[in-house]
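S.K.: Each chain is listed here by its residues.
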Amino acid sequence: MAYQIIVCGGLAPDPLQTLEPVATPAGPALKNEMMLPAVFDPWASHALYEAAHLARQHAGSTIKVVSLAPKAKLQQVMMTVAQKLPFELVPLDGPGGGFTDAASVASALAGAIAAIPGLDKSQLLVFGGWESATRGAGVVMQMVGEKLGITEQFLAVDELKVDAGGALVIKERVEGGRHQVSRCAAPPAVLAWATGNLPEPANHPQTGMANMRAMMPALQKAKAASLASAITYAEVALPAVTRQTRIVKDVPAAEIAREIAEWIKQ
Amino acid sequence: MPASTTTSQRELLRTLPGDDIRQILWKFADRFDLQMLVQSVRAVARGPVARLVAQGGRLTHDWTPEKNALLAEYDAAGITAAFMKPEEGGYLEGPKNLALSLIAFEIAWVDAGAATGSMATHLGLAPIHERGTPEQRAHYMSVCAPAPGQEPKRAAFALTEPLPYVGVETGLLSGKVRVAEWPEGGEPLLEVSKRGRFITGMGFANIVSAAVESDDPRLHGTMMVILEEGDPGIFDRGTPTKKLVHQLSSTSDPVFQLKVPASRIIGGYRVVDGRIVPNYDHGAIIEAVFRRTRVTVGLITAAKLLSAVEPLIRYHRDRFRGSGAGAPGSPRYDLGLQQKEDVTHRLLDVWATGEACASLGFATARLFDDLDPIEKEKDRVLAEQGITGGMSMVKALRKRSVEAIEYLDQRSRSEALRNKARYSALAADPVIQYLALDAQANVLCPATKLWNTGIGSRMMREAVSLMGGYGITEDCPGFLGYKWIDTQLEATYEGPEAVQRRQLSLTMTSEVFLAQFRTWIHEMRRVAANEPGTGACTLASAMHLWVWTLEHLQQAKDANGQKLYQSNRQGVTFPMADALCWLLASRCQILDVQRLRSEGAGAIQEGFEGTVQFLTDLCHIQASRAAGEVSRICSELVFGYLRHPSWDNAPECSTCFKEEELQQIESIIPGASGFTSEYLMEDGTHSTKAGPCVRAEGLGDFTKLRSKLDGCLAGALLAKDRASESLQKVMIPAALDYPQ
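Protein chains in written order, with the working numbering: chain P, 1 to 266; chain L, 1 to 740.
Isolated chain P, as found in the complex (with noise of 0.2 angstroms):
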């Protein structure tokens, strides 16, 4: 069966940025944030390298990625992206950082994945993260299948399989460390992946170029998103770091090793 998978996937400041807070009078919002490198969303990307695995092994499917970020960086992050895989790109124009409110998110994705002509529920697989690097709320995959009517709904899904007759095997992460196999008949379902399994795809030059073929233009028509939002925000700062050396002389390391591990346990 030929699936038509669409990946939701936004933008991330590159992690070894510095990060900082600060207010605008849009909100808060970070230091520079238009200046700082970005990197496709990390849970994003794992669902995007899945999305290519099972269209390699099901002739005729396509990716689809939808992706709510500022045009001008995302088009910088595609250079990257589209070298891995052949996917169409359907962008939207607007705030990518994690102060965004995810129901608007939401919204502005499943109207784009909406307007996709020749959109086959029946062949219809939702991809994205399990949440966002940037705002971690982990709803708005959820938020984008009900706002498409797709009921059938995985989270934090490390694993998917399709089994001889059609059915897709999906194995959710649960508490404790375990996993929830679930047996899904047909398309369409959201799936909000974790890591997933599979190895990022090889670099691929001449797909990034075919890909970009397409993508360019598709950047320069984005349309704006406008993303309503009632949320106010009392504070924003960094996790706070916290050292506590402790210096010690003459003593083992079997001694150490155990008060670690006590602390850890703790």
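I should point out that these hints are in silico values taken from the structure, not numbers from a laboratory.
Note that the structure is predicted; figures quoted are calculated from it, not measured.
Hints should not be assumed to be uniformly reliable.
What the hints assert, rightly or not - Pairwise CB distance ranges (calculated):
#: 1; chain 1: P; residue 1: Ala257; chain 2: L; residue 2: Ser330; range: 35 to 43 angstroms
#: 2; chain 1: L; residue 1: Glu66; chain 2: P; residue 2: Ala202; range: 13 to 21 angstroms
#: 3; chain 1: P; residue 1: Glu88; chain 2: L; residue 2: Lys729; range: 36 to 44 angstroms
#: 4; chain 1: L; residue 1: Leu718; chain 2: P; residue 2: Ala257; range: 53 to 61 angstroms
#: 5; chain 1: P; residue 1: Ala257; chain 2: L; residue 2: Arg321; range: 27 to 35 angstroms
#: 6; chain 1: L; residue 1: Lys729; chain 2: P; residue 2: Val162; range: 54 to 62 angstroms
#: 7; chain 1: L; residue 1: Gly47; chain 2: P; residue 2: Pro217; range: 30 to 38 angstroms
#: 8; chain 1: P; residue 1: Tyr233; chain 2: L; residue 2: Asp710; range: 53 to 61 angstroms
#: 9; chain 1: L; residue 1: Leu189; chain 2: P; residue 2: Ala202; range: 39 to 47 angstroms
#: 10; chain 1: P; residue 1: Pro217; chain 2: L; residue 2: Asp710; range: 52 to 60 angstroms
#: 11; chain 1: P; residue 1: Leu227; chain 2: L; residue 2: Arg458; range: 48 to 56 angstroms
Note that beta-carbon positions come from the ideal geometry of N, C-alpha and C, so glycine has one too.
Place chain L on chain P using the hints.
M.R.: Leaving out everything else, chain L in the frame of chain P:
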């Protein structure tokens, strides 16, 4: 007052210039193919390459399995195929000079040896690409292109002069070729004997482009021959070279004793009077290859200088953190060593040089991209006239150089003052276009190689020194110590500095180039009129001084009556070449920032003003340094060959006052005697100096130009103070994006 205590309301540099800025500066913002290439190459450089360096991969000169594993990474990133046309297995359309330069730049950001190693196959294939027959090109490019399920062949380039100290000139080749068999009506079989030395890529190459000369009356002259692993005979990779640098590149001294068909002569051959005559001698092939590949070498050094900026800022800023000596929020904690002006000013010198190196290198690479199709069109047009190469081509081009100069003159005028019909005709003529571009390329290529690696090497040492003792350890962030020592190889291979200076000393006196250069002086004045703080005016004055000096030296003689500007007088010609390089680099840097200023405002969404201001200040800093160098060199050359006037030479003392005359003058106008120190004392002796001061007869113009240039330095150090403030406040990433 230390710069650290100054504050301003101006826009400062907020973050280090990112890809969006660089794409405009180096003019590939409209090339998504190159932008993709940069990203994929960067992932290899800052991933597998950096990890290997950090794990100590450089600590052996052997070609290890870990080093060999990088080749597959280069293939996957598209580095290997970047050299090929799409129909040969590549993916980039058109000329590849800028693409290859960007590859070299990105990898050298981490390790220069890896950059060299990644492009060894390109160099090995370059003779075939530039001068091979269509069949040779089609075959060897395709077998070296990575493809699914196919291990690509790899190539090496084996030039090699004889070993030193054996009484043989280095202009001779060490390889020999003889006719082994020549069946009646069949293809000759050649026997090639070659011992290579310092051959890059020999640890893994399957194909070798070898330069050899005839050792057989049935073969004419020199040639390049393609050797393959598997040809009958000896294909011995030889012992690894015990080099101290570029350890992620394979280098060894191979031995070849192989029989190959004559169809392996690069560019083919013809049989004339029973002799095999190659269509191209080895010199013609090498010239075509090196004039392009030398540019990438220059960019390797440029990358290293710019890569040093971030780790140095971090080191300086964090220097005292964690020591308890300064509380968070205190200047000592926040700025560390950046409180001291010397630290920021010296780093600005490194940064400005890096920017100038990159601007010069990328401008030259783009120039070759422009030149490549025009050169082919020129060849086609001249071939239609029956001119196909050799001296006939040289003569034909020489005849048209006057028109090329006319074209440049017309181009420099405003449209209103142009002879439109004439200008259009000249602009549409590929021969004229070729002459104009070729004259530039002949200067810019050796200038990039010479200046980027030579001055770059000195500035890399400065960068290492700014890291203190840490700089010369294996733990140094950014591998600065390795980068420094590697620069010495970059200054040497593909033609050491003397070779580049020699080439420049010839090409920079081309009338076509000089006509172009004069228009560049006006170009810089125009930039200065619109953007006074760029240093363009300073540079224009320095360029004027250089041209004046060149014209003077070409006519002048030394105190012994010997002509100054002549081929073997390298004490004159080489410094002038050095001076020119400073000017060219600074000009390219200013033009790049001008492009950013005009094209970037709409494209860069945040921090544009501060970035442009900072880069402009770097231009000003660099222009003033260039002006200082040019001024020093020109003064030394103009005055240095004059004999110093002597007290013993009576005519030279004819204007000396007597002491009593000065006393009389002093009695009438107190203080007036101080205007001269050249007087004869009562005891017949002169004042205590070497002789009368030099009177610059005929050099008044030079003195005026030099004096003007001194004044043009105004503002340069204010620019440095401004840039220094940016350096203290610019936001940098929390950590380097590659291991150490």
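S.K.: State for each hint whether it applies.
M.R.: Now the hints, each set against the structure:
1. About 38 angstroms separates the C-beta atoms of Ala257 of chain P and Ser330 of chain L, a value consistent with the hinted range of 35 to 43 angstroms.
2. The given range of 13 to 21 angstroms is respected by Glu66 of chain L and Ala202 of chain P, whose C-beta atoms sit roughly 19 angstroms from each other.
3. Distance hint check for Glu88 of chain P and Lys729 of chain L: the Cβ-Cβ separation is about 42 angstroms, which falls inside the suggested range of 36 to 44 angstroms.
4. One distance hint, 53 to 61 angstroms for the beta-carbon pair Leu718 of chain L and Ala257 of chain P, holds here, with the actual separation near 59 angstroms.
5. Checked against the hint of 27 to 35 angstroms, the pair Ala257 of chain P and Arg321 of chain L passes, with Cβ atoms roughly 29 angstroms apart.
6. Between Lys729 of chain L and Val162 of chain P the beta carbons are some 55 angstroms apart, a value that agrees with the proposed interval 54 to 62 angstroms.
7. Range check, Gly47 of chain L to Pro217 of chain P: Cβ separation about 31 angstroms, and the 30 to 38 angstroms hint holds.
8. Taken as a hint, the range 53 to 61 angstroms holds for the pair Tyr233 of chain P and Asp710 of chain L, whose Cβ atoms sit roughly 57 angstroms apart.
9. For Leu189 of chain L and Ala202 of chain P, the hinted distance range of 39 to 47 angstroms is satisfied, since their beta carbons lie about 42 angstroms from each other.
10. Against the hinted window of 52 to 60 angstroms, the Cβ-Cβ separation of Pro217 of chain P and Asp710 of chain L comes to about 54 angstroms, which satisfies the hint.
11. A hinted range of 48 to 56 angstroms holds for the C-beta pair Leu227 of chain P and Arg458 of chain L, which are about 53 angstroms apart.
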